[in-house]
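A.B. asks: Here's the letter readout for the chains.
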Amino acid sequence: MVATTPDAVASQAVRQKARRQRDDELLVWPDLVFIEFIAAMVFTLAITALSIAINAPLLDRANPAVTPNPSKAPWYFLNLQELLLHMDPALAGVVVPTVALVALGAIPYYDRDNEGQGEWLSTPNAWRLTWIGSIVGSVGSLLLIAWDAQLHVRSFVALTGSEWPAALNFLRNARAIQNDLPWPDAIKSIPLGNILRLDLLGLPAADITLNIPELIVAQILPVSLMIGLPIIFSIVLWKTGEAKTRRDHMIAQFSGFIATYIVLTIIGTAFRGQGMELMLPWQVKMPIS
Amino acid sequence: MTNAPRSAPSDMGQSPAAGESMDTWREALSARKTVAETANVPGALASAPDIEASRRSFIRGSFLGGLGLALLGSVGLMVDYLYPRNVRGFGGPVPAGKVSDYKKGGEPKAFLEGQFFLANLDPADSGVNGTGGAAGLLALWHKCPHLGCTVPWRKEFDFEGAKGWYRCPCHGSTYTKAGIRVFGPAPRSMDTMKIDVDGAGNVVVQTGVREFGGPDNPKRAIQPPGLPS
Amino acid sequence: MATTERPESRSLGDRLYDALFHNYFWQSIFRSGYPNTPRNQMLVVATNVFLHLHPTRIHRTHVKITHTYCLGGLSFFLFLGLTITGVLLMFYYVPSVERAYEDILHLHTDVRFGFLMRNMHRWMAHGMVIMVLMHMMRVFYTGAYKPPREFNWVVGVVLLVLTLLLSFTGYLLPWDQLAFWAITVGTNMIGAAPVLGPPNKFVMIGGFEVGPNALIRFYTLHVIGLPLLAATFMAVHFWRIRRDGGLARPL
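If you're matching them up, the sequences are chains A, B and C in order. So for the first sequence, numbering that gives the first Met the number 0 puts the first residue at 0; every next one is plus one. So for the second sequence, numbering that gives the first Met the number 0 puts the first residue at 0; every next one is plus one. So for the third sequence, numbering that gives the first Met the number 0 puts the first residue at 0; every next one is plus one.
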């Protein structure tokens, strides 16, 4: 998307300006050191006050025989635990975080233009894109969670007073696609041992059966949503002219990612109670953090 | 030495450099503003730069003072945090069972945690290794007064025709049942500890309250109510 | 030192000041004078090992609080605070299944300021995770990852992961129900990965279930392994900020 010319323009701009403009510089002591000192003091006092006011949680002694309901990971992993409810554990627990971190690390290698660095939201559309990205990310993830929690079914029943039509049972949630569609039995258990002939290599025969509907629900559907929706989002932004540069696309995607991350963390922390059911925060009886 | 940087200029002021005209130096000296002159001018007790300087040094002083106090507080907090509390075992009270557990003239019981032997001594036991007339509970610190080895009670040890002595394995200091030294390089008899007995008959030895051993060891035995006789 | 014009009236305070700060010993520690002149202010930053993380001068825009909100610096500050409170907690904590929980109770009931140390450690740990995430957002939205700072962004992502791991390993140490089951759930997520998951989990918790081996592993990682790694990456992170010309600013 970015031609080589902006780089040339940028380097010209650098040449035109003096390398260092002493007039615009301040001494680190006292101008920066004092700010840091004050920030450190304020933080020390705030944390001391917080620690005096609120005790760190401590439950009963660890007991492997008694599992509390719900059992939750630390809050910063609850976004992953939330994903775990909707897809294959391998995908949610390992693949998604790994891919997310690699993608995060790759941002500067994709958006290489050094125009607009060191400035808050430098491109003309940046603020708009931040808002659009955040809203799309949070609303999108909320809708997906609501769908998988059958909130649309519950509200349909509450509003119309009648049952959810049986013909549409497969639209109840993700798992319903596997359970309520007439999949032929043949594809529900394909013995992979007949294809993966490990016994020919002298290894024990592979005792795996492939369940295609299960694969679709637990793997293919979430993966295509997680990859497809951001791509569609970027294409829409590009076609409508909202996002013009790579930086624009990065801002929209990053904002969407952060919003999704925050929404998933909040849902996982405050809205998941007994049995990891969706409920209101005051019904969740569990110390947060 | 310490005043060198500040006093140097004034020294130079009083002794003109060679070759400089005495008159110009005098002129400069008289033109110089001194404290005495400014003090003589009414209404100019302190000039503006002085106020500015003292304001700055006040702020600096209170800042550094506050910082010092905060650091001192943190260090004090850490020391208080690290100061051990509720230390159990030797040095504090160590429970030693019930009074009724101690048979009269029975074998001394060893308490490793409290580093002592506790026995109910029988005054009738008057041999060379005997009690020296002690009657009741006596707690002996198991540390040899010589060089600090742990002294065991050796029931079968035969010395001067009697069996049953406290004998130090290091240099052979030997003590009677009341901890009286009869042999060896130890400078004195075994040290004793204070014994407390509550109304229910629970024995607690105050391992931190110790007395140097001496010929009066037998007199330190106590006879609480309920002691088997 | 400026020449004084009042040679005869040096007050007691002045003389005390001289005796304290103008002696051979003091000047062997602090080679520059009190930083009240531009020369001394630059010298104090350049010659002090703790301050020399900074350049001696900085662009006017970068001391504006709204440019950085001090987020990176506060993350580092929280790391230092966590190190101090963590070392203090180590004096009273034994990472064994028998003692760990009792030691935490002991910290709350018997040790003076023990509750404060534990609470501060806990809240600072949560604060550091939040602070690091917010620092990442700040760097992203100010475009500070752009050339030549691409790799420092990657180092930052590594530091984010290390922060999460530090917090996660510390989570098990109190050995209460919250800790035990959070780590069980967390490590089960790792164990769910297709091929490498189960062996990874096995190595991580030193067995099939969270138990004594997991506790000592998490403890060792928490108190020495990960902090050393994080400190190393932080050194790289700070060094590269300086090498790449300080904070990013408009061209």
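Because the hints were derived from the structure by calculation, they are not lab data. Just so it is clear, CB atoms sit at the ideal spot from N, CA and C, and this is done for glycine as well. There may be inaccurate statements among the hints.
Stated by the list, open to error - Calculated cross-link-like contacts (lysine to aspartate or glutamate; reagent style DMTMM-like; alpha-carbon spacing at most 25 Å):
| no. | chain 1 | residue 1 | chain 2 | residue 2 |
| --- | --- | --- | --- | --- |
| 1 | B | Lys102 | B | Asp190 |
| 2 | C | Lys63 | A | Asp30 |
| 3 | B | Lys102 | B | Asp79 |
| 4 | C | Lys63 | A | Glu24 |
| 5 | B | Lys162 | B | Asp49 |
| 6 | C | Lys63 | A | Glu35 |
| 7 | C | Lys63 | A | Asp23 |
| 8 | C | Lys63 | A | Glu114 |
| 9 | C | Lys63 | A | Asp59 |
| 10 | B | Lys162 | B | Asp215 |
| 11 | C | Lys63 | A | Glu118 |
| 12 | A | Lys284 | A | Glu114 |
| 13 | B | Lys142 | B | Glu51 |
| 14 | A | Lys243 | C | Glu149 |
| 15 | B | Lys162 | B | Asp121 |
Stated by the list, open to error - Listing some non-contacts, in silico: residues in chain A with all C-beta distances to chain C over 12 Å:
| no. | residue |
| --- | --- |
| 16 | Asp23 |
| 17 | Asp87 |
| 18 | Leu90 |
| 19 | Val93 |
| 20 | Leu103 |
| 21 | Gly139 |
| 22 | Ala145 |
| 23 | Arg153 |
| 24 | Ser154 |
| 25 | Ser161 |
| 26 | Asn178 |
| 27 | Ile211 |
| 28 | Phe232 |
| 29 | Leu277 |
As the list claims (entries may be wrong) - Not the full set, but computed from the structure, chain C residues with beta-carbon under 7 Å of chain A:
| no. | residue |
| --- | --- |
| 30 | Arg30 |
| 31 | Gly72 |
| 32 | Leu163 |
| 33 | Leu164 |
| 34 | Trp174 |
| 35 | Ala234 |
| 36 | Asp243 |
| 37 | Gly244 |
| 38 | Arg248 |
A.B. asks: Look at each hint and say if it fits the structure.
C.D. replies: Status of each hint after checking the structure:
At roughly 22 Å between alpha-carbon atoms, Lys102(B) and Asp190(B) fall within 25 Å of each other, so this suggested pair holds. The suggested pairing of Lys63(C) with Asp30(A) holds, with an alpha-carbon distance near 10 Å, which does not exceed 25 Å. With a CA separation close to 45 Å, the supplied pair Lys102(B) and Asp79(B) exceeds the 25 Å bound. Distance check on the hinted pair: Lys63(C) and Glu24(A) sit about 12 Å apart at the alpha-carbon level, within 25 Å; holds.
Straight-line distance between C-alpha atoms of Lys162(B) and Asp49(B) comes to about 91 Å, which puts the hinted pair past the 25 Å bound. With a C-alpha separation of about 12 Å, the suggested pairing of Lys63(C) with Glu35(A) holds against the 25 Å cut-off. In summary, the hint linking Lys63(C) to Asp23(A) is supported, as the alpha carbons are separated by about 13 Å, within the 25 Å threshold. Under the criterion of a C-alpha separation no larger than 25 Å, the hint pairing Lys63(C) with Glu114(A) is consistent with the structure, at around 21 Å.
Of the pairs offered as hints, the one joining Lys63(C) and Asp59(A) is violated, with about 47 Å between alpha carbons and a cut-off of 25 Å exceeded. With a CA separation close to 23 Å, the supplied pair Lys162(B) and Asp215(B) stays within the 25 Å bound. Under the criterion of a C-alpha separation no larger than 25 Å, the hint pairing Lys63(C) with Glu118(A) is consistent with the structure, at around 12 Å. With a C-alpha separation of about 50 Å, the suggested pair Lys284(A) and Glu114(A) falls outside the 25 Å cut-off, and the hint is violated.
Note on Lys142(B) and Glu51(B): the hinted pairing is violated, with a Cα-Cα distance of about 69 Å set against a maximum of 25 Å. Restraint check for Lys243(A) and Glu149(C): satisfied, since their Cα atoms lie roughly 22 Å apart, inside the 25 Å limit. For the suggested pair Lys162(B) and Asp121(B), the alpha carbons sit about 16 Å apart, so the restraint of at most 25 Å is met. Interface exclusion of Asp23(A) from chain C breaks down, the closest Cβ pair being 5 Å apart, not more than 12 Å.
Listed as outside the interface, Asp87(A) is inconsistent with that label: its C-beta sits roughly 8 Å from the nearest C-beta of chain C, within the 12 Å cut-off. Against chain C, the non-interface label of Leu90(A) is violated: not every CB pair exceeds 12 Å, the least being about 9 Å. The Cβ of Val93(A) sits about 4 Å from the closest Cβ of chain C, inside the 12 Å cut-off, so the non-interface label is violated. Separation of Leu103(A) from chain C is inadequate, the least Cβ-Cβ distance of about 5 Å not exceeding the 12 Å criterion.
With 12 Å as the threshold on Cβ separation, the claim that Gly139(A) sits away from chain C holds: the shortest Cβ distance comes to roughly 19 Å. A cut-off of 12 Å between C-beta atoms confirms that Ala145(A) is not in contact with chain C; the least separation is 24 Å. Distance to chain C confirms Arg153(A) as a non-interface residue, since its nearest Cβ pair spans about 27 Å, more than 12 Å. Non-interface status of Ser154(A) relative to chain C is upheld: no Cβ of that chain comes within 12 Å, the nearest being about 31 Å off.
The claim that Ser161(A) lies off the interface holds: its Cβ sits roughly 39 Å from the closest Cβ of chain C, which is beyond the 12 Å cut-off. At the 12 Å boundary, the C-beta of Asn178(A) stays outside the reach of chain C, the nearest C-beta of that chain being 22 Å off. With a least beta-carbon separation of about 18 Å from chain C, Ile211(A) lies farther than 12 Å from that chain, consistent with its non-interface assignment. Chain C leaves Phe232(A) outside its interface by the beta-carbon criterion, the shortest separation being 17 Å against a cut-off of 12 Å.
At roughly 18 Å from the closest C-beta of chain C, the C-beta of Leu277(A) stays outside 12 Å, upholding its exclusion from the interface. Among the interface hints, the one on Arg30(C) is violated; its C-beta lies about 15 Å from the nearest C-beta in chain A, farther than the 7 Å criterion. The interface hint given for Gly72(C) holds, since its Cβ lies 6 Å from the closest Cβ of chain A, which is under the 7 Å cut-off. Proximity of Leu163(C) to chain A holds as hinted, the smallest CB-CB distance being about 6 Å (cut-off 7 Å).
For Leu164(C), the interface hint is violated, since its Cβ never comes within 7 Å of a Cβ in chain A; the closest pair sits about 11 Å apart. Below 7 Å, beta-carbon pairs count as interface contacts, and Trp174(C) has one with chain A at about 5 Å; its hint therefore holds. For Ala234(C), the suggested interface contact is broken, since its CB lies about 18 Å from the closest CB of chain A, more than 7 Å. Taking 7 Å as the C-beta cut-off, the interface hint given for Asp243(C) is violated, the closest approach to chain A being about 11 Å.
The interface hint given for Gly244(C) is broken, as the beta carbon of that residue sits about 9 Å from the closest beta carbon of chain A, more than 7 Å. A distance limit of 7 Å between C-beta atoms decides the matter here; for Arg248(C) the minimum to chain A is near 4 Å, and the interface restraint holds.
In the structure shown, a violation is registered for the earlier hints numbered 3, 5, 9, 12, 13, 16, 17, 18, 19, 20, 30, 33, 35, 36, 37, in ascending order.
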